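Peer 1: Chain by chain, the residues:
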Amino acid sequence: MKHLLLGDEAIAQGAIDAGLSGVYAYPGTPSTEITEYIQGAESRKSKDRSSDSKPIQCRWATNEKTAMEAALGMSYMGKRALVCMKHVGMNVCADAFMNAAITGVNGGLIVVAADDPSMHSSQNEQDSRFYAKFAMIPCLEPSNQQEAYDMMGYGFELSERLKTPVLLRVTTRMAHSRAVVETTDTPREQNAMSMPEDVNHFILLPAYAKKNYAELVDLQPVFTAESEQSGYNTYVKGTKPEKAILTTGIAYNYLMENERGESKDKSRKSKESILKITQYPLPEALIEQMVADGLKELLVIEEGQPVVEEMICGMVPSSVLVKGRLTGDLPRMGELTPDSVRAALGMEALPTQEKEAIVVGRPPALCQGCGHRDMYAALNEVAREYPSPRIFGDIGCYTLGALSPFHAIHACVEMGASVTMAKGASDAGQHPAIAVIGDSTFTHSGMTGLLDCVNANANVVVLISDNLTTGMTGGQDSAGTGRLEQICTGIGVAPEHVRVVVPLPKNMEEIKQVLREEIDYPGTSVVIARRECIQTLKRHLKAAKGVESRK
Amino acid sequence: MKKDIILAGVGGQGILSIATVIGEAALEEGLYLKQAEVHGMSQRGGDVQSNLRLSSEPIMSDLIAKGGADLIVSLEPMEALRYVEYLKPDGWIVSSNVPFLNIPNYPELEAVIGRIQAHKNHVLLDVEALAKEAGAPVQAANMVLLGAAIPMLGIDHDKMVAGVKRVFARKGETVVNSNVAAVEAGYQKVIGNW
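Residue numbers (this note's numbering), protein chains in the order written: chain X, 1 to 551; chain H, 1 to 194.
FYI, nobody ran anything at the bench for these hints, they're computed from the structure.
These figures come from a predicted structure and were not determined experimentally.
Careful, some of the hints might be misleading.
[Stated by the list, open to error] Derived SDA-like pairs (lysine to any residue); straight-line CA-CA distance at most 25 Å:
no.	chain 1	residue 1	chain 2	residue 2
1	X	K538	H	Q139
2	H	K88	X	L345
3	X	K538	H	V167
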């Protein structure tokens with residue numbers, strides 16, 4: 001069957017067709033759609049009473065670490081599990097991820113990292129392929145939507161055969177790009193439950209872990225052989241093989257896009273060898289062949305950091321000139337474009353029109369009517385009453401509070417940092433030290449920081465801007481909705497210092513008074529500013545109307 | 001057949017629905033297709049764009065090169081101009097002339113319109129007024145724009161209308177009919193001079 005699918009959707013369908021039993025994930029651009037697709041498929045299945053296929057667990061996890069661990073638990077029981085996250089999510093699950101490489105797996109386990117080079121919606125450009133290298137496990141990096149689909153079946157099979165987790169790495173421009181994908185007419189059934197053969201393999205006492213690690217080290221040549229034989233890495237000798245081009249993932253498309261136009265473009269004359277990489281570890285045998293064919297110059301075109309560019313220097317003779325991001329042949333930062341690749345290939349740019357000077361930037365902004373706006377309005381007015389307030393922000397729609405017209409926050413680093421940075425600043429003597437954090441971010445990784453605050457009786461105000469959703473990524477469920485007050489008092493914040501307000505213009509004076517009281521209280525306070533996200537509210541009202549009209 | 005199209009607008013305006021309909025019609029014609037878009041932060045009232053590539057041959061890059069686009073289809077006039085570096089020298093701009101004023105420093109509208117008119121091949125329409133005239137809600141303005149772009153897209157008009165019907169079928173007959181009317185309104189406005 002043929003479907004028009006986003007790269008993310010191809011991954012999701014590939015997992016479903018490979019007999020997936022559970023997907024565990026936290027929303028994060030550009031990975032969110034993988035889980036949403038599976039949730040949609042499950043929702044349709046549950047309404048179709050004729051369907052007898054087993055359900056797939058697909059509830060959103062509280063964060064990427066709990067997602068990774070639960071997936072490992074499902075794998076432990078012999079079933080196939082998928083973990084999905086954006087690149088920075090790898091940092092959150094790193095402990096579980098790294099040690100899953102040591103325990104190994106039972107049921108197949110694929111971790112999908114969707115990287116965001118050019119930081120369209122992220123704090124950095126980190127390249128998840130490093131994590132696979134760090135953990136010493138295989139990595140798949142599909143070059144297009146069809147490969148992304150196919151690699152799910154292959155990845156699960158590889159994972160089970162070699163008893164290793166597998167990292168599958170994609171980037172924005174394929175995750176969020178649609179193409180026609182051919183899917184199987186005979187999807188695979190889910191695995192039955194089964195215990196691991198060797199229980200000790202999953203107990204990482206040093207005595208057992210050392211044994212496991214030795215096994216992992218011994219598996220490295222096996223992983224390399226797999227990369228050489230699977231067919232996912234290909235070497236095509238050129239007519240002038242002194243020059244070669246190595247591409248990883250979607251970089252291949254930009255190379256071939258420009259190659260296709262070669263006959264029309266007389267400024268490109270030579271025919272280089274092409275080494276297409278979509279599976280790691282790197283295929284040493286293919287690289288050796290490339291060298292043996294007389295390699296003198298190698299252009300490495302990869303999406304992300306110069307991972308392969310650095311590695312390959314140790315795999316080819318020092319007489320080979322390696323070019324890429326580190327030599328300035330490609331921009332060091334940011335995603336690849338057909339234009340930057342064209343330039344790296346020595347081709348002339350296509351004739352273009354002049355940029356229009358009249359165009360100005362249109363940065364994203366909080367929606368009109370958003371509760372965060374009213375929360376910031378009140379916070380700013382109160383903050384102005386103190387000589388030097390510091391407001392530590394966090395990750396979400398409310399990060400936009402750093403921009404005009406609010407300029408309300410003074411820091412934003414990563415998920416949950418607001419709470420603990422406020423504590424650290426307060427430890428240093430700063431007052432007021434205020435944290436602004438969303439509800440989903442709070443349960444993701446703010447709760448443990450709040451416990452630190454309570455235990456130290458830190459003089460901080462944690463302002464939870466609760467819009468009852470995970471907003472920036474499109475309005476997914478928020479793990480603690482309806483229980484935030486209990487969570488905070490349960491953690492140990494004094495009940496009289498857990499305040500709830502409704503961020504609306506008419507409540508401005510009340511909100512300001514509450515903030516003043518809690519800033520002046522020399523201990524840990526939580527102020528919850530709660531009003532549903534207007535986007536999710538719109539959707540709920542629409543859906544309710546739909547139900548009404550169908551009655 | 002090869003058409004590289006940049007769809008542009010402001011987050012929330014509905015440019016992706018345009019891409020969906022064109023994609024639907026293109027698949028019916030047996031064309032290869034790739035359509036790249038940006039999610040996440042851009043949606044919050046920021047500029048959004050989609051790269052839509054149609055071809056009778058397999059398509060490699062998901063992104064369009066500078067100077068490679070045959071057509072910019074934009075729901076907002078300044079956003080149309082944002083991508084002119086991607087437009088072929090004789091490429092078309094098909095744009096709404098209704099500004100989306102959510103930034104304090106939006107340039108003078110007359111100047112923006114003037115810059116679009118300075119391009120040899122352009123179409124400027126008040127897509128919202130045309131939608132209203134056709135008896136469709138203002139949300140169907142994106143369908144008016146689609147109709148106006150049909151001649152430059154190289155896809156048969158009837159196949160495009162069939163695509164509209166398929167894409168919106170689940171929303172019911174009223175929505176389908178008003179969207180088709182909106183497409184026709186845009187198409188009729190342009191086809192006379194084509």
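Peer 1: What are the numbers of the hints that this structure violates, sorted from low to high?
Peer 2: none
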